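Sequences listed follow chains A, B, C and D, in order. So the first sequence is numbered by my numbering: it starts at 16 and just counts up by one. So the second sequence is numbered by my numbering: it starts at 16 and just counts up by one. So the third sequence is numbered by my numbering: it starts at 16 and just counts up by one. So the fourth sequence is numbered by my numbering: it starts at 16 and just counts up by one.
Since the hints were made in silico from the structure, they are not lab data. As the structure is a prediction and not an experimental result, all values here were calculated from the model. Careful, some of the hints might be misleading.
No distinction is drawn between identical chains; accordingly, a pair holds when it is met within one copy or between any pair of copies.
[What the hints assert, rightly or not] Dumping the calculated SDA-like pairs for lysine to any residue here, alpha-carbon to alpha-carbon at most 20 Å:
1) 74 x 60
2) 31 x 271
3) 74 x 234
4) 245 x 221
5) 31 x 179
6) 31 x 74
7) 245 x 257
8) 74 x 62
9) 245 x 256
Number of protein chains: 4
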Amino acid sequence: MSDTVNFGDVVMLMGKDRRSFIRTVTPDARLECHLGVLEHNALVGVRYGAQVRTHLGRKLFVLRPNHDDIIRHLQREGQIIYPKDLGYIALKLGIRPGVRALEAGTGSGALTLTLAMLVGDEGHVYSYERRQRMQSRALTNLRRFGLLGRVTFHLRDIARGFDETGVDALFLDVREPWDFLPQARAALRGGGFFGALVPTINQVMTLVEHLYRGPWFMLEVEELLLRQYKTIPARIRPDDQMVGHTGYLIFARAVERDAEEQREQLAETEADHPTETPADDEDTQEIPAVTG
Amino acid sequence: MSDTVNFGDVVMLMGKDRRSFIRTVTPDARLECHLGVLEHNALVGVRYGAQVRTHLGRKLFVLRPNHDDIIRHLQREGQIIYPKDLGYIALKLGIRPGVRALEAGTGSGALTLTLAMLVGDEGHVYSYERRQRMQSRALTNLRRFGLLGRVTFHLRDIARGFDETGVDALFLDVREPWDFLPQARAALRGGGFFGALVPTINQVMTLVEHLYRGPWFMLEVEELLLRQYKTIPARIRPDDQMVGHTGYLIFARAVERDAEEQREQLAETEADHPTETPADDEDTQEIPAVTG
Amino acid sequence: MSDTVNFGDVVMLMGKDRRSFIRTVTPDARLECHLGVLEHNALVGVRYGAQVRTHLGRKLFVLRPNHDDIIRHLQREGQIIYPKDLGYIALKLGIRPGVRALEAGTGSGALTLTLAMLVGDEGHVYSYERRQRMQSRALTNLRRFGLLGRVTFHLRDIARGFDETGVDALFLDVREPWDFLPQARAALRGGGFFGALVPTINQVMTLVEHLYRGPWFMLEVEELLLRQYKTIPARIRPDDQMVGHTGYLIFARAVERDAEEQREQLAETEADHPTETPADDEDTQEIPAVTG
Amino acid sequence: MSDTVNFGDVVMLMGKDRRSFIRTVTPDARLECHLGVLEHNALVGVRYGAQVRTHLGRKLFVLRPNHDDIIRHLQREGQIIYPKDLGYIALKLGIRPGVRALEAGTGSGALTLTLAMLVGDEGHVYSYERRQRMQSRALTNLRRFGLLGRVTFHLRDIARGFDETGVDALFLDVREPWDFLPQARAALRGGGFFGALVPTINQVMTLVEHLYRGPWFMLEVEELLLRQYKTIPARIRPDDQMVGHTGYLIFARAVERDAEEQREQLAETEADHPTETPADDEDTQEIPAVTG
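Excised from the complex, chain A in its bound form (with noise of 0.2 Å):
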């Protein structure tokens, strides 16, 4: 990556009232914004962390966007998937460069788009949606950032099932998640990592309740909160509205288990999953004596 702006890059311009707008630079075009006019030209050379300014004078900071101005800045039609749910969606999906990954419905494509950036050239991303409004969306927002090459578009119900198989990740961010198991698990290799995404809580119910009776294992429900503070240096404080609920998490991992395993099922799992500290001492202990 060059550390002036050229042709072609995607730049976030942004005032410092914060308000900023994401452009990829386009000879001849032209950013009109509520501080002036800036020429596209006028951008190419630029240093990246400099500013350029409009025809009134008004300064813009030249920068990169990172994953979460993206994802602010997408076109969107109805709910998206947060930033604050993105990254962790990620590392419990084990996604990295090379992985498989599918998910459903694309949405406007943040997550495709989150999935897209991380699984590199090596990996790729299958993404189903049935509504065609909804998808062109989604390819224009992949365009944007040079990654509609890492994704396969399939443009279908899913009800009767997945194209692909033996994934390494999927993702179901559609209302009714539970009718899509079956599919999932067949799409899905073994031990595979599930996701899904829903926002209420008969919603959870109803999936719990299915996950539970199927050839899944680790099931987690989960949900994170993101805190974000006024940064004047003399008077630090939380937000004072802030987002109280996006959706819940719900993870599992794809298993084999037999009819008598389905029997045993209610006894194992009252025992409480995991906190974030390992009580697992012998098995820190143990790792030395492991080859790595």
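Assemble the complex: chain A is given as a structure, and chains B, C and D must be docked to it using the hints.
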């Protein structure tokens, strides 16, 4: 990745009580745990997602660990950065394949490992630590997951600066991060992503004051709370106890500013930072007109 | 209240390690604790806020306990309602001197005690419990703080209803509160305050469904999270662990509705309930014109 | 309290859209609202919990307001203390019938009103405010609910101290509470309850430092987060937006300490403060032996 276990694979073995063990499958090695003894040799050829039996006939699921599992099982000394924070940090620092990221201190290597996993073979991680013992532990952790080749470890105090320049992202997990801001700015490329984690509000105040006066922009203070639920279908409820605090996350961008701007700053930052819902509808509207 | 300790006073003794003991000062009684032995007789005449010494010379502060202290020291069996919830419940149920309040079950008496303390001598509390053992414990707790005279205890199942009618407020802390809604409605006066606490989302769903169909209005589901901080001046920070969940609080008002309204209800409740900041500015403006 | 409305009653009228109006029922007065006009005379004799119709035939429930309703409808100027905090503050300050409580500043009177309601006719509230305009507003609010007789209002700066001594509880809701700690200590009885609310972490730090050095004990810093849920039975979920911050609550007890102890203090406070679950089982066991 194969569908069955091979020697050299890093596997997670988990009983129905959710106690788990991460091991590198090694010829003639054995796992001795509360459920009995398991010969590593017996794991080879087993399908991921299936179960194996110990000498006592107790079953263990054979799984691939995800980031979260790995972090929970790290050999650790002192506090580590938690999975809930790691995914978000990666996203806010713009981490993806190809990125060059720098961190200090290395600690037990939880962030090192996350960064190394996500930057891929094209990217690189530079990690500074002054305590030999900590660095050794991190090295062991990284080696175990085959990620040593993506990390350059430095054993020294960072007061005299970093060897690298032009890095895309830099994260400080040290007691007094404000002491190293000039060094951090010197190592970062223009517009580069800065992050830090500090546990106390005293540290938040001092770090914010220093960032505020320097060549930094888009200062953000945030924290993430993870709430986990019990998943017995008939009695779903949040855990009685939760992790109430790990640390405050602080982010900023490395920018260029002149003296005049430093004076102006108080006024400009008075504007609330944007919430997760972009108020910038105008921008959203304009996007279609821009060549992606 | 006297400024010095007398026999019969309920005092809290606390060492600098913050371990505390609540005792009724009794002639010739003695406290034996980890800091040594203290004769109750030696407490008489001591100023509140001062310190006394055990036979080992260790000091204990002599304090009056507040609600919070008392609740934390209650003899308990099973889960109690926490102080963070008790204050809010009292406020939502309109508890104040003179009120008649009813609760079931009594449990260890944490809410009983809070209500009894706040309704004063003019008010009264009716408390139902079917387990003899629990009731005895609650009686002991209430007697200790001199509040027995304000409470009528009933030992029986509430399925056959409550003896009282026209109570101002009624709180259910039982496993299946939906089974007792008709009885609760019969006991409450018109417009009376109903509350319940349930730990699981399954219970929330069932209770909400039942309240929704019945003669209830202003249905609210809420929960309170209490975050406590470490208070060493140089290192102020939230506690690492916090109570992540006690229970969901559910509130409603007893109203009169006809069949037509029951049918209409779905539409009406679609409107979001008001947030803490009243949107009703018009109302605020009108108030001065009203004779207070 | 009567089961039907009388002149002089303070009633809350609420439509099915949950918009509400609190009024003192006054001969010949009228409510004009978005649902139409309602003559107060028509309210007299209506049963609480029933509905009345406006001249447009729109229905309004006739309810008694609880604390929460009253606080939400207060005439306010600037920030008020929220219901979620008020109940907890009352509990932590040991407020109950007969207590003498002091507060500064009066503000819009939310806490004044809560205290006045709970101390009963036997107790009393002393409230200091230096801004005439704020005090007038609080007076109007208190008069409306018939609580003026329980409050003594002072219009002046508290720098020169409080007129009262030996009060049971004292709460500071002022910008720089640390400036008034000696005055607060002088007003409080030994062992008395001190509380304060401050919005920023800067203030928390300064106040903790001051309390730490002075004749105070059991220092606590806490905050309460209230999460409200949407209650449509088929789609129960937390509200998308929530109040993310109102203020930090700080509590302490007024004690006597000598110079030696001030020096010792650092060590003693290192011990973590007790969590909500008392570890003091020994104490719980001993209680039965104590004469209640």
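A quick look at each hint next to the structure:
{"no.": "1", "hint": "74 x 60", "result": "within (16 Å within a copy, 62 Å between copies)"}
{"no.": "2", "hint": "31 x 271", "result": "between (55 Å within a copy, 13 Å between copies)"}
{"no.": "3", "hint": "74 x 234", "result": "between (50 Å within a copy, 18 Å between copies)"}
{"no.": "4", "hint": "245 x 221", "result": "between (39 Å within a copy, 14 Å between copies)"}
{"no.": "5", "hint": "31 x 179", "result": "neither (47 Å within a copy, 30 Å between copies)"}
{"no.": "6", "hint": "31 x 74", "result": "within (8 Å within a copy, 50 Å between copies)"}
{"no.": "7", "hint": "245 x 257", "result": "both (12 Å within a copy, 16 Å between copies)"}
{"no.": "8", "hint": "74 x 62", "result": "within (14 Å within a copy, 59 Å between copies)"}
{"no.": "9", "hint": "245 x 256", "result": "both (11 Å within a copy, 17 Å between copies)"}
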